[in-house]
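Visitor: Knowing the structure of chain B, use the given hints to seat chain D on it.
Read top to bottom, the protein sequences are chains B and D. With this note's numbering applied, the first sequence corresponds to residues 1 to 812, in that order. With this note's numbering applied, the second sequence corresponds to residues 813 to 1046, in that order.
There could be a bad hint or two in this list.
Selected chain D positions facing chain B (Cβ under 7 Å, derived; list incomplete) [unchecked claim]: (1) G898; (2) S913; (3) V934; (4) A938.
Some chain B residues well away from chain D (every beta-carbon gap over 10 Å; in silico) [stated by the list, open to error]: (5) N15; (6) D106; (7) P142; (8) V212; (9) D222; (10) L241; (11) A312; (12) R458; (13) Q462; (14) I709.
Hints were generated in silico from the structure; no laboratory data involved. For every residue, glycine included, the Cβ atom is placed at its ideal position computed from N, Cα and C.
Residue strings, one per chain:
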Amino acid sequence: MNAISSSKKSTLNSNLLLRWSWREIYSAQLWPVVAALVLIVACVVALSALAMRVEKVITAEGRSMLAADVVQTSSYPINPLIIDKADQLALQQSAQVSFQTMGFSDTSMHLISVKAVDSFYPLRGELRLKTKQETLSQHVLPGELWVAKRVLGLLDVEVGQTLAVGDAELVISGIIEADPELVFNPFNSIPAVFIHESDIEKTGALQIGSRVEYKRFFNGADNKLDDLQNSVELQPGEKWLSEKNQGNSGGFINKAKQYLSLTILMVIAMASLTLVLTCSHYASGRAQTIAMLKSLGASRVWLKRWLMIQVAILLAIGLVVGSLLGIVIEALLRLPLTDVLPKELPSYGFLPFLMGASVAILVAIPALGIPLKKLLDTPAINVLQQTKSKTKAAWWLILFPLSAFIYYYFDASMVWLVLVGLIVLFTLLALVSYACILLVSRFKWGPAMSLAISRLKRSPKQSLMQLAALSGSLMLIAVIWLLRSDLVGDWQKAVPENAPNVFAVNINPTELPGYLTHFDQRKIERSEAFPVIRGRLSHINGTDVYRAEQYKANPANILKREVNFTWLETLPSYNQVLDGQWGQSQGVSVEQKVARQLGLTIGDKLTFTVNSLQVTAAVNSIRDVHWQSMKPNFIFIFTPDVLQNLPATWMLSARVSEQDNDLLNQLSRDFPTISLIDFRVLGNKLQSMLAQVSLSLTVLASIAVLSGILLMFTLLRLSLKQRQSEVMLYRTLGATKKRISQTLWAEYGLLAIIAGFVATVGAELLVYSLMQWGFKLTPSLHVEMWLVLPIIALLIVLGSLRSLFKQLLTPL
Amino acid sequence: MSEPILKVKSLSKSITAHGNTLSILSDISLQVCKAETVAIIGTSGAGKSTLMTLLAGLDVPTSGEIELLGQPLSQLDDEARAQLRGESIGFVFQSFLLIPSLNAIENVTLPTVLRGEGEDQVKAKALLASVGLAGRELHLPTQLSGGEQQRVALARAFMSEPKILFADEPTGNLDKKTAKNIIELLFAMNRDNGTTLILVTHDEQLAARCSRILRIDDGKLVEEIITAKASSVL
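Here chain D stands alone, though its shape is the one from the complex:
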């Protein structure tokens, strides 16, 4: 088994509201290896999205340690975490989150622009072609369907050649057929790029396509299932 690129130890997150402390996640430890596909599942409010925000360095835990790509996140400030995300992490969101005033190719080049590099139009064009949107480069998000917008979001996620891709309910806003297509594409691109995938979903069927499933319930990691797909990465 290859070297873990994500190590989590005794992770807890709680929030205080109106004088009461509410525990969202407690004592979670896990490891994710390179090129692994991991699904985090659980019911609504179980804490899976919170876990993802902590793993991706979007938020800080109340206690516990996260080491992402060899870097302890607790020792990085906001800016350093942003830099780490910019260089090594990709995201796919449920609501696509494309910039409405930028066209498809500009949305795809965004990660490299944010890194201070130029717009690599050739690569962006190739990525758009690989998600089946050749010829639609100049279309604005409003001129694209939901499925097409998520394809653009996928192309954007792979633009910076991330080491880890976080996907938060990537098919949550799509119809079944479109969702299926998007998932095929996501896994294919993930495989082709050798990316580690962490997928948050409540869809058990979708989770089953990953090599490992982590079930969260009431803020705790209650089950870890190694699926048949695991052999391909082990």
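In isolation and in its complexed conformation, chain B is listed as follows:
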């Protein structure tokens, strides 16, 4: 009987507790806490789900350009141990041998690049081979010969006719429409053909000493591929290729991914701050209730239970609503990416939800824990007398999210850069802002402004906190937006919409004027013509780079091969000079990465071997070159006097549209020795991908900015609510509505302008550091922001406080 009644009592007890907790939340005291939790969960869920999907798509994209998940390349036949190991792991495999040989038709001959593949090639990506009857095939079969369209013009043959590839006589099966391994290299003027690997021997091209590249393609589960790559030690000349180290779109996609994770971090930081603010506001408002409950005999255990039920309800609402909202946001973020993402999207599974919940709980531990622990420690005497709690705040609770953060981001230098930057900046921002207030207070002002300033000076701790939070969140918003603009701007600069899409190389000087006329008559946008001379770098300041230990030990790529030189009167406008100055004579301008690799500085004397002649020039400038811009670019650009007397061929680039196809055909016919290379497919693909990624970054940045505004909105409204009794007192003492309203506007207006100004300085510093050291791009100043940010700050203050000001003044 006793047991029954006690269990009934406890149920009743729990019922009241649940009801009460729900009402505490419902009576609007805890809604901001719920909103902050929802925001954290939703952002983490949405952004991590999207990141996972985009990552999968990017990986697939990268792999399709490699024609497999992982590729082993070697100058020798592939190590049989690797093949055995792949067999053991049951990986899908395919093989390719590529070499150059002569192609002969009945009337002419030309050097061709032969890719001999097995019937499984490619394992990923698209190989599109088209016969004369327009039928498509995706694999090469024994006896077949597929050629690049240019081969037909160069060798004056047609599909169906016989072409000798080295010694092998093969009938041309059709043309290559798409080759997964196609890359941007305008100087690679040797046209490609595909044959089956079983026909290699017939060509007789593989002799001792011939330059051959062997590739083995592998597909399979990631862990098996890792196993394979770790199973054998690489020999000289062997290399593993994967989407991580390959792909010409990798650069900007990686930056987009970095931006994505940085934005997630900033949104979490802002939402956590909202959580801390709202929760400590709640805690300070509940101190007397706790004291009263203690005076009525509430035990610590009971109070803990009471608070825990509220926290549990909050978390449950936050997690459920946040997860649902996260799904919606992910779908919204995905809208601009529709064309980039495949129709059938890979599922993101449970992981984003798990991450959202973990982040929210980890952040909530200190954000809710510290103020609630302090609340729990409120002495019972506070029911009658205000005393300060003697217990120390439980700062150690911060260790929970901090250790998880360290574990997760241990080697992400960019994240640490941001974190340290944020902490230093927040402190500095608060101090500088306060210094601004002190400065402003030195001037003579009207009564409203004087009252406002004295109010801010009277409670320095509170003002400092408010300024740090306000300028901090403004700064984060500005950083997110500016980074987006800078990244997108940089990409657009790198691959502008009018980027050239065809290259003509190997133009004889005598053919040049006539060739250019064809373009100019049709008013086709083209670059100037560049002279091209091939050569090698042989000495740096008199040191032989092939013998000196410092270069032998770690040979830069540039030392291993011949490169293309050009000479010009002035440097191309799209190359930014980073150091030095372009000169008139005996000078060479060097691309910055190569200059760094070789340790070159202005004034270094470089000697080059060109056509067995030696030429010397001094480094006069170091340039930044965007290789992805698809414009003609050179590592070394000489002043005319150095090279202009040597024989050269010429090259140019142009932007042609679909209507100009007939011109391209005519040019191929009229100038058979000039290689005209068409990059339209590759260029369009890169550009559309870029446009779409830029658009989704904009959507992402907008969401981040919205969450920042929510933070400021909460912050300002909370701070004003705390002023309610003060306002009532002013009114009781006879202050007019107008005077109070003016004082409040002066105070918050001053706060907004100072915060806006300080945030601008902070944002410039942070964006500069991130561009310079994080994204490794050229930083720039953002003058317009110096005006816009303080105005935005004012507007946010106006927007969030207008209604509340009225509400504060109305009942009186």
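Guide: Just chain D now, with coordinates in the frame of chain B:
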């Protein structure tokens, strides 16, 4: 005279602020017997509220001994003192201190809920009726007037059938007429329940309704007056 349920010996309280020690109460000794009504009076800042917080075990003295219901408070920790309050002490505060998100009957049942017992709705309802709030059980504090809120607070105070009731300026926030009604009710309920009442006030008229008046001035017990009402408890 019945057994004392509150014994205070040489009680002192001082606080240290900015390196200076400020004495709030010094050398106070007194005893309160069961069912006695005691008023602690004095001017603002005299130390009467501090004395009440010490007697009720809400705070600890700097020196001296308090024995409440046979238990020496100095030997009890926070939790044990809370338990003692929950079982045997009731409070009525100047600012009512009702929970805004709980309705009248839920506020009244709070003491039993805090003790881990269920909500005794029948008893709470009866108590609300006895303070004249029958039919107002489901009203939230914001839907009640100041006087009504103090009635709910009275009902809450008697819910746990306390042995001692501490009332801190219970009419301080009320108009004269309402205050009078509340005081009538407080004394009536106190009498009916046989509770010991310790009332802190600066209102001499109100104090005169108690059986004994203790006047505190500058932290010291300066006067003890046995009133005409004393005969009823002696």
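Visitor: For every hint, state whether the structure bears it out.
Guide: Here is what the structure says about each hint:
1. G898: holds (2 Å)
2. S913: Holds, about 4 Å.
3. V934: violated (12 Å)
4. A938: violated (18 Å)
5. N15: violated (8 Å)
6. D106: holds (97 Å)
7. P142: holds (83 Å)
8. V212: Given a closest Cβ separation of 81 Å, the condition holds.
9. D222: Answer for D222(B): holds, closest chain D Cβ roughly 53 Å.
10. L241: holds (65 Å)
11. A312: It holds; A312(B) is separated from chain D by about 17 Å at its closest Cβ, greater than 10 Å.
12. R458: Nearest chain D Cβ is 19 Å from R458(B), so the label holds.
13. Q462: Label holds. Min Cβ-Cβ 22 Å, cutoff 10 Å.
14. I709: With a cut-off of 10 Å, I709(B) remains clear of chain D, as the shortest Cβ separation is near 30 Å.
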